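Chemist: Fit chain F to the known structure of chain D by using the hints.
The residues making up each chain are set out below.
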Amino acid sequence: MNELIVIWIFLLIPSIALSIFPFVNQKGRAIALYAAILLLSIFASIVAFNVLLGSDFVFSLQGNSLIGNIDLKVDALSAWFMLIINFGFLTGGFYGLFYMNEYRKQKNNLTLQAVMFILLYTSLLSLCVIQNGFVFLIAWEIMALSAFLSIIFEHEKAETIESGINFLIQSHVSILFLMLGFIWVGIQTGSYSFHAIELYSVQHQGALSLLLFLFFFVGFAIKAGFVPFHTWLPLAHPVAPSHISGLMSGILIKIGIFGILRMLLLIKVDFVVVGSIIIIISVVSGLYGVMLAILQHNLKKLLAYHSIENIGIIGIGIGIGCQGLGSNNVILVSMGFGGALLHTFNHSLFKSLLFYTAGNIYQATHNLDIEKMGGLIKKMPHTAFLFLIAALAISGLPPFNGFISEFMLYSGMFQSVHHASILSLLGIVFTITGLVLIGGLALICFTKAFGVVFLGSPRHNYEHEVKERSLYQLLPLYVLALVIIAIGLFPTIFLVFLAKPVQLFTNLQGMSFSNFDSLNLQAMQGVSKSALLILVIGSVVFGFRYIMTRHKTNKLSDTWGCGYTASSSKLQYTASSFVKSYSQLFQILFLIFKKEKPVKGIFPGTAMMETHPSDLIEKWLIDFPTLKLQSFLDRFRFFQNGNLQFYILYGIVFIIAVIAIPLIYFDIDLFITFLKQL
Amino acid sequence: MLSVLLIVLAASFFTGVLIRTKSIASGRKGPGIFQPLYDVFRLFRKGAVYSQTTSFIFQIAPTIYFTSVVVAMLVVPFGKSAGLISFDGDFIFFAYVLGLGKFFSIIGAMDTGSSFEGMGASREALYSMFAEPAFFILIGSLALLTGHTSFHDIFLSLHLGSSVSYALGALGAFVLLMIAMIENSRMPIDDPKTHLELTMVHEVMILDNSGFDLGLILTAGFLKFAIYGTLIFNLFSGTISYQYAIPLFIAMQLLLAVVAGIVESFMARFRMTHNAQYIVVLSSVSLLVFFATLLISGKFI
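So the protein lines, in turn, are chains D and F. So for the first sequence, the working numbering puts the first residue at 6; every next one is plus one. So for the second sequence, the working numbering puts the first residue at 14; every next one is plus one.
Since the hints were made in silico from the structure, they are not lab data. Note that this is a predicted model, so its numbers are computed, not measured. C-beta: ideal position from N, C-alpha, C; glycine also. Heads up, some of the hints might be wrong.
[As the list claims (entries may be wrong)] Taking beta-carbon pairs under 10 Å as the criterion, some of the chain D residues facing chain F (in silico):
1. ILE72
2. LEU448
3. GLN527
4. LEU594
[What the hints assert, rightly or not] Computed far set for chain D versus chain F, every beta-carbon distance over 10 Å:
5. ASN55
6. GLU203
7. LEU204
8. ALA212
9. LEU397
10. PHE408
11. PHE451
12. VAL457
13. HIS465
14. VAL532
15. VAL546
16. THR554
17. ASP563
18. VAL584
19. LEU634
20. ASN646
Bound-form chain D, shown alone:
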């Protein structure tokens, strides 16, 4: 009975919150919204911690003849993702309350946004729990629709609607693939339960299982944003309100990762093949994501491309974990899946933080074009500091959390090279090179972003005052930053909670793995100590510097202009010039539209140059086929000629066909058998 109470509470909290919405004013709604999220997340976290430290939560709801019983299960994997979702919504919701304060005059819009926020949260939580394909798809659809409505908050802008529709369509392509997968199993076994998928794949090992896995993989990969299914991310993130972009990038796309991991647990496939496929897609995603991120001028678009990169890193972890399962290598499995799961959490922390700081910048400047920023650190020191922390973490530098998860991936790969076969060795070298390049490119990208946005002198004069956001709005950001640093300094504490999720994967091949200490790697303690050492030595050097320079006279002066004295802020290095040599080197991989009016003659007139980075994969894989399809379908335009008589005719033709075809079917069949006899 205990489980039933849990489910009731879970359903009642959001329902009560939603039902009191009509009776309270706007402030009341905000309080109800946050109270619901707070209660729900505390509650879900208790369940999740119980599972991570104790036993699974299993329950079965009575269904009907169509759906079958609805199994609910919180295992360690669900629990880990539930914790990520909870923490994301707690901080994101709090930030959102104060972020949306700017829009307080749009009352109806805000209420819709609040309703969608609760729906998004509950649907994401239930996706982690539901073990029935049919109900899973319903929850998936609720998630997609509520995310869509959250994205198009500023729907008066054409760009927002366009990107929102793009998201909606791509979400439904994703649902299509998932549906095909579930229906396939449903038809073969007569059950939509996840357990049936497992049974089916045990019976049909080999190509069929692989194909089934690929259906699910594509469906979930669209949501997660693997290349080439990534094209909705850079469109949807910039137009959504910042707390929604942060949650989309931090939480929503991770449900795709969750789906892929869940299917790996269920479907018995050849793990070496699947691992190789995932690794190749992930390395390409990682590299392509960051390479395009570097080119972007729109801050939120830059961050969106960076999400693709990080999904690539998570995918690399999953891929090498699968390789480990295939080759019975416990270190590769635990470090691969452990690294992937930890990076999922880490990315949700620093990417949300980056989007929230981008939101602060947007509200302060009403602008997202980084070429019009500069020198913001003096006006928004808190935001700058928080962005710096997140930028260092996302570049994978110690002593921050991004380094920990990347270190786990490297460590797993380097530990296993000695016993690896030639093929997996080549794979490992390919992956390591990819990961190293991703790290180096991320460094370029975030030194560019931080340097151009916050440092130097302002590149644009704003009519309005640019000032720091309120302390309340900064509070959840500091919480995120604290957790980022905590994971970076004391990773071993967090790894305790990862032991059970990783065990699910090691159990697939019956490997013995109880926790990360049992691997006999002193690496994590070493990393933790060295991270602390950075702080200690850093403070010592700072102290020394303070003592040495305390009594010195420091002068303020202009930046050294190499002899040129009339320096202006327009002479500063811009974002484009910072990445010029890079974009020239890799220009075959990019599609950059350029509008140029060069300086000509002795008395030159106005000159201008504009560049718009575009997406080569989007052009050839999405836009080109869509255009071709459209022009093909245009040939049938004449059907839609606007004459009512024709439409009635179509109806009659259809009805006649429906009646006539079964009637003459017998004759056709007879004719064919006659032909065969000839």
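Modeler: Just chain F, lined up with the frame of chain D:
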């Protein structure tokens, strides 16, 4: 612990010897070997000039850069004695902690709002991105060869197998030497003595630093050279006892400094556009090491 002392010792004379070699090669008498050290000590005692454009980033960047180099130094072993920090996968930490310093030196340069410093920052970011894979593939190959994943264990068991591994050591030394040149912005990637800001990489990034901060940056540069010198030494040292290892180490550092000085005297800097290609070649050399390792360890069948 021993490695730290020796690195500091090597750092104290390395740059001096290099400069002296260049002076002699160009027919001048040149400054004393410890002149760079005196310069640094003088800088430590000076006040500083800060640009009005800069923020707190400019103040903390040199310190964090210096810290990152010092922490990286603690990872490096010396022959039989491990570094102060030694754990499985410590070379990953080594590369990434240097990356932390790089991040700060880049944003420190961008904080001044100078286009020259932005230019240098952009180049530094690009070149170090290209140099990283070479380092990782090299150490990865050595990990494959020895079955260990920490600097200390790798270097200790490197030459227990066969004498062929000395050939690998030579290739590895070449890769590490070139990475050292890139990291320290020496020829043929960058010319520290150029007089035109447009063609500088590292020097232009620190145009606005002065006083104590500049001293820290210069010291970090000396240390970096010695760190890579020690890594190269470790490729060959194996388990030699200290009474031979220490003199050998000092001789090798002197030799490296003289070689670097001679190379710089008789070689022109590459064109900026060729640098990237050159650095990619480095990754191919380390791939060569990787395939040689595959051959030795009998993975090719």
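Chemist: All the hints need checking, so say for each whether the structure fits it.
Modeler: Right, here's what the structure says about each hint:
Hint status for ILE72(D) relative to chain F: violated, with the closest Cβ pair at about 49 Å, above 10 Å. Satisfaction of the interface hint for LEU448(D) is found here, the shortest Cβ-Cβ separation to chain F being roughly 6 Å, below the 10 Å cut-off. Here the hint on GLN527(D) is kept, as its CB sits about 5 Å from the closest CB of chain F, short of 10 Å. Among the interface hints, the one on LEU594(D) is violated; its C-beta lies about 14 Å from the nearest C-beta in chain F, farther than the 10 Å criterion.
Every beta carbon of chain F lies more than 10 Å from that of ASN55(D), the smallest distance being close to 34 Å; the non-interface claim holds. In this structure GLU203(D) is separated from chain F by more than 10 Å, as the shortest Cβ-Cβ distance comes to about 36 Å. Interface exclusion of LEU204(D) from chain F stands, the closest Cβ pair being 39 Å apart, more than 10 Å. Remark: the non-interface label on ALA212(D) is consistent with the geometry, its nearest Cβ contact in chain F lying 29 Å away (cut-off 10 Å).
With a cut of 10 Å on Cβ distances, LEU397(D) falls inside the contact zone with chain F, its closest approach being about 7 Å. The Cβ of PHE408(D) does not lie farther than 10 Å from every Cβ of chain F; its closest approach is about 6 Å, which violates its non-interface assignment. For PHE451(D), the condition that its CB be more than 10 Å from all CB atoms of chain F is violated, with the nearest at approximately 8 Å. At roughly 8 Å, the least C-beta separation between VAL457(D) and chain F is not larger than 10 Å, which violates its mark as non-interface.
A cut-off of 10 Å between C-beta atoms confirms that HIS465(D) is not in contact with chain F; the least separation is 14 Å. Distance to chain F contradicts VAL532(D) as a non-interface residue, since its nearest Cβ pair spans about 6 Å, not more than 10 Å. A beta-carbon of chain F is positioned within 10 Å of the beta-carbon of VAL546(D); the least distance is around 5 Å. The claim that THR554(D) is not at the interface with chain F is violated, since a C-beta of that chain comes within 10 Å of its own (minimum 5 Å).
With 10 Å as the threshold on Cβ separation, the claim that ASP563(D) sits away from chain F is violated: the shortest Cβ distance comes to roughly 6 Å. VAL584(D), annotated as away from the interface, has a beta carbon of chain F within 10 Å; the closest lies near 7 Å. The claim that LEU634(D) lies off the interface holds: its Cβ sits roughly 40 Å from the closest Cβ of chain F, which is beyond the 10 Å cut-off. Non-interface call for ASN646(D) relative to chain F: holds, since the shortest CB-CB distance, roughly 59 Å, exceeds 10 Å.
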